[in-house]
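A.B. asks: Single-letter residue listing:
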Amino acid sequence: MATDVSAYEEMIKGLWRDNPVFVQVLGMCPMLAVTNSAINAVVMGLATFFVLVTSSFLVSSFKQWIPKQVRISLYVIIIATFVTVVDYSILAMLPAIHKELGAFIPLIVANCMILGRQEAFASKHNVKYAVMDAVGMSGGFMIALLALGSVREILGVGALFGVDLFGANFEPWVIMILPPGGFLTLGLLLLFFNWFTERRRQFLIKVADADRMLAVEKVSTEGVKDNG
Amino acid sequence: MKNHQLKKEDPHLLLQSAPLLRQELTTPAAMKDVWIALLPATAASLWFFGLSALLIILTSIAGAILTEWVFTDKEKRRFAISDTSAGLTGLLIALTLPPGLPLWMAFLGGCVSIGLGKVVWGGLGSNIFNPALLGRAFLLGTFPIAMTTWGAAGGPGEFFQIHSSNLALPFMQSQVDAMSAATPLGLMKFEQQGTALWPLFTGNTAGSIGETSALFLLLGGIYLLLRRGIDWRIPAAIFLTAALFSFIMFLTDGDKYPSPLFTLFSGGLLLGAFFMATDPVTSPLTPRGCWIFGIGIGFLVVLIRLFGGLPEGMLYAILLMNAATPLIDRYTQPKIFGRQG
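Sequences listed follow chains E and X, in order. Per the working numbering, residue 1 is the first one in the first sequence, and the count goes up by one each step. Per the working numbering, residue 1001 is the first one in the second sequence, and the count goes up by one each step.
Be aware that a few hints might be false.
[As the list claims (entries may be wrong)] As a list, the in silico DSS-like pairs of lysine-lysine whose alpha-carbon atoms are at most 27 Å apart:
{"#": "1", "chain 1": "E", "residue 1": "LYS206", "chain 2": "X", "residue 2": "LYS1256"}
{"#": "2", "chain 1": "E", "residue 1": "LYS63", "chain 2": "E", "residue 2": "LYS13"}
{"#": "3", "chain 1": "X", "residue 1": "LYS1074", "chain 2": "E", "residue 2": "LYS206"}
{"#": "4", "chain 1": "E", "residue 1": "LYS13", "chain 2": "E", "residue 2": "LYS218"}
{"#": "5", "chain 1": "E", "residue 1": "LYS13", "chain 2": "E", "residue 2": "LYS99"}
{"#": "6", "chain 1": "E", "residue 1": "LYS206", "chain 2": "E", "residue 2": "LYS218"}
By construction, these hints were calculated from the structure, which means they are not laboratory data.
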């Protein structure tokens, strides 16, 4: 049972505490480039999900046979294989979105988050942990992509997933669907994330302090009782 | 406070900690000078653009102060608001906005200039870019159509005629305003049509609410120069470079390129040169640096106006030179006395 709990933790850490975008600040290229609409963000997130989970699975299965000296190039070959699969699948199923994502699907190969997980995690753990970690990390990546894509689409076009939210009279914030909007939104989301984490840390410190004070008080009052 | 009470009781027992010599120039005092210097231009903006200008100024100041209040620590709030720098930023960005702009955009402009232009860098004195211009750049990128729809200048007789586009609901488009007109710079750029110098000088032209009146901006600028509120080198370098560069271009083709006087009195050049480029936080510290900074702005503004895609270049000229300021400061440090090389 204990192993199940830690496997679950490996997954959950990627979603929030070690979020690849908000905490590790990895994978910025697709993050800024394809998030001008929520649907693009979701497709990119799913593509990354597939590539990361399958290549983590393969890398951790083959880790005994991968020579240390050429491991990086082998990881890249494994990742590139799955990226090719994803590239052709999206081209076949969603040609319009494939056209919009353009070069950024092949560029998943160069996503440092994916290579980083192979090097730092999948090559050192067994298959179950590696897959759980990959699911969590790509889930966290997808959350971040979706957050950025939603904000930019809502402000930039006045719609979410192509559904009009505000009616015809909405004034679009043109900057939001242009590259500066990506930087602005990402910066503000990082700001919010850091602010939230800091608040939480301060709160935990406060709680711990209060607990300690309570314990000290308890000891001292007991001491008084004994003397009395 | 305490010192005063002591003084009253016994002047010989006055106890004070260092520094004992105090300079009169505090942040609120410096700000007050700029407020006074901006008064003529603001009054001119009310004269020409009426109630619309007043509403835009008030909403953008409100946006700026509110943002400052929200994002400042509780203990520092009183000082942060009372040094009036946030309100001043609000006024400065309002003066660069077109009179028909929806009020919610003016409010957003105030919020962005303080929020993204000042607070995120660490508050007063830590920003790289001029907050008001950053806010305007954001608005120009975000709402390009609303930001380039100019209302014609009226007079005191039309004071109460508000542009209908001012009152657009938040996040909603403004209806097209019947009173729109082209700015002198726009006329020059897209139709090769000049504007007479006299209206350009007094300010009776279309344009941003605070930038049209060269006369009143000059008055404010001269006041600031006399009070030593700004470094004279920066506006001087901007005027000389812009005039020289545009004079050379004017000589090459007098029909295509405007005269140097038109360059100086049109658009936001005067407002920018006196009140925005000279922001002590974002301009160089050394005299030599000030010259380089001003020459850069003067050159860039004419370059953008004559050869760029936009009719007006003051905004990006100042922002670009703001970005270069740390570099300029670094390479114009005076030599320490007695040190070789």
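A.B. asks: A separate judgement is required for each hint: does it hold in the structure or not?
C.D. replies: Hint by hint, here is what the structure shows:
1. LYS206(E) with LYS1256(X): Not OK: LYS206(E) and LYS1256(X) at ~70 Å, beyond 27 Å, violated.
2. LYS63(E) with LYS13(E): Measuring from Cα to Cα gives roughly 23 Å; hence the hint holds.
3. LYS1074(X) with LYS206(E): 19 Å, holds
4. LYS13(E) with LYS218(E): Between LYS13(E) and LYS218(E) the Cα gap is close to 36 Å, so the pair fails against 27 Å, i.e. violated.
5. LYS13(E) with LYS99(E): Not satisfied, since the Cα-Cα distance of roughly 33 Å exceeds 27 Å.
6. LYS206(E) with LYS218(E): Roughly 18 Å separates the two Cα atoms, so the pair holds.
Of the numbered hints given earlier, the model fails hints 1, 4, 5; all others are met.
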